[in-house]
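Let's have the full structure, built from the sequences with the hints guiding it.
Protein chains: 2
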Amino acid sequence: MDRFMKLQQKEVSVPAIFEAIIAKKTTALSQGITLVESTQKKHYKKAQQLIEKCLPYSNKAIRIGITGVPGVGKSTCIEALGNLLIQQGKKVAVLAVDPSSTISGGSILGDKTRMELLVRSPEAFIRPSPSGKSLGGVARKTRESIILCEAAGYDIIIIETVGVGQSETVVHSMVDFFLLLKLAGAGDELQGIKRGIIEMADAIVINKADGDNIKAALEAKSQFKKALHLYPIAESNWSPEVHTCSALTNEGIDDIWKIIQTYLDTTKKNGFFERNRIRQNEFWLVQTIEEQLKHSFYNHPKIKETLPSQLEAIQQQKITPFTAAAYLLEISKLS
Amino acid sequence: MDRFMKLQQKEVSVPAIFEAIIAKKTTALSQGITLVESTQKKHYKKAQQLIEKCLPYSNKAIRIGITGVPGVGKSTCIEALGNLLIQQGKKVAVLAVDPSSTISGGSILGDKTRMELLVRSPEAFIRPSPSGKSLGGVARKTRESIILCEAAGYDIIIIETVGVGQSETVVHSMVDFFLLLKLAGAGDELQGIKRGIIEMADAIVINKADGDNIKAALEAKSQFKKALHLYPIAESNWSPEVHTCSALTNEGIDDIWKIIQTYLDTTKKNGFFERNRIRQNEFWLVQTIEEQLKHSFYNHPKIKETLPSQLEAIQQQKITPFTAAAYLLEISKLS
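Protein sequence lines correspond, in order, to chains A and B.
If you use UniProt numbering, the first sequence corresponds to residues 1 to 335, in order.
If you use UniProt numbering, the second sequence corresponds to residues 1 to 335, in order.
Hints were generated in silico from the structure; no laboratory data involved.
None of these values were measured; they are calculated from a predicted model.
It is possible that some hints are incorrect.
It does not matter which identical chain is used: a pair holds within one copy or between any two.
Straight-line distance between alpha carbons at most 20 Å, and here's what the computed SDA-like set of lysine to any residue pairs gives [as the list claims (entries may be wrong)]:
#: 1; residue 1: LYS294; residue 2: ALA326
#: 2; residue 1: LYS304; residue 2: ALA28
#: 3; residue 1: LYS90; residue 2: ARG120
#: 4; residue 1: LYS226; residue 2: ILE197
#: 5; residue 1: LYS318; residue 2: ARG275
#: 6; residue 1: LYS333; residue 2: PHE297
#: 7; residue 1: LYS215; residue 2: LEU230
Below is the structure:
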């Protein structure tokens, strides 16, 4: 029986789930996230109530985004980093934003065998990507789930996303620190990274720097260092670090955590950390509004009917895109 | 007397201006662009009529975007390139997108002394940036003026923009080839380029590679070449070229033109050129629609009144950005 059906059978009590979440009950957290992820209308209002109750208890964790192409070793890396943090007495939640999960059946965080220790640890909470048709929707659910995880007392929230499409941008907008995982050699430097991702990274870590790979990894590290020098200094005043690691041998994993700590020190002192969170909230407000405005427009029956012929007229150089836009906006006002 | 007032005094005859434009009369072209740039309602409709008449005569020129920080030598470079093209029998129009021009009184293309020869050549047409409050508005006017210039028989349209803010992105969306001008040394590699601009460039040209600067320019060239290697291959299948030039000594200017020609050959053969233009048209349609949707929303009296308190509630962690968005969308429907 799927989890939404389970949710439907029982009467969902928001105050009860809330109390259990702040009492750090993992089952309640899972249930709460299921409520947030539900697409049923009657769950929507309850989910919003739950989130609002949790809000004052949130905002205290550190949010870390991790991205990289499939095969780069995100899961093993999260396993290694997560266990290190747990050894230090922290509670770690791992969420994912994977817009392709609906089609592929959950490509990331699906293979939990790569997070063996983390899965079994009572200090870790692992949740695969919510499914959904639009990246905006998937991202929104994850953004809301962060609030629940924080209220449940998790100190570190790791958000994993796959290095394709627009998903990095939305994850970047919900984390404090953004880590790009790379592989050395095999021409990987040249392929597979979406333009702009390097520019969002607070650290680039070349994974699988073990065995015969070490030389190539160090070479890649030096290349990335040089390349990053060409970028202007970020508003955070933080110069992205480049490191190598091996999630297999655990080499360099503690360095990643040290980098993150230095980053937090720097940005908390210079005020960027706080400013960035405020701006992220504004981003989500504006983003949600504008997504909805566009959705309403493009799903207007008259627009659906007229848009193709307008596009054709533009390509045939009969009208400009501006005239077509004015016309479409006009007819969208007729109901 | 300013040009809009002149326009107002005479009766504007669209068919007459149109005939004169396709008869390659520069005065008519100027007048037509003034009509396009006018913010007066009665000019708007005439401008659209004129543009539509010109549309079938457009789309044949090559559109080149040139960007770079102030002081990099955009004007001298355009002077050198423009004169080279005229020597080869081409007609060259130079337009600008400068969203700051309203405030600064026209920072680019203003100093025509740097384009001495071009200004005097009958084969060149130079027009400073339209003024306007929004970049979208300024860009739109320039995008429409391109159509008029093309109908007037100009073979090459150069669009200059200053390397700050979002203006490169909009210029990139109206040109076939995008050139980034850089300076060597003085730490310029590290400063002043907005993130993402390097990734849009089809060529990076290090200007002022003359005298004592040559060594630094060659060093910068090699650095950029290495950096560009880290980027994935663009959809155009074109690997951005890095060159040095001196607009002062004319060294390397012909190389720029050769690069552009090779680019055109490559992208016309592989279909990207045509595909890109189609996509640019779609971009302008979507862009215009969405800008207007947002404008209407944020200027709704109820939204103007309510937005600040909602933002405050978000920052005080009373509500999520998503709840605030839903509330604002709801009240925007009340008129």
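Tell me the hint numbers this structure goes against, listed in increasing order.
Failing hint: just 2.
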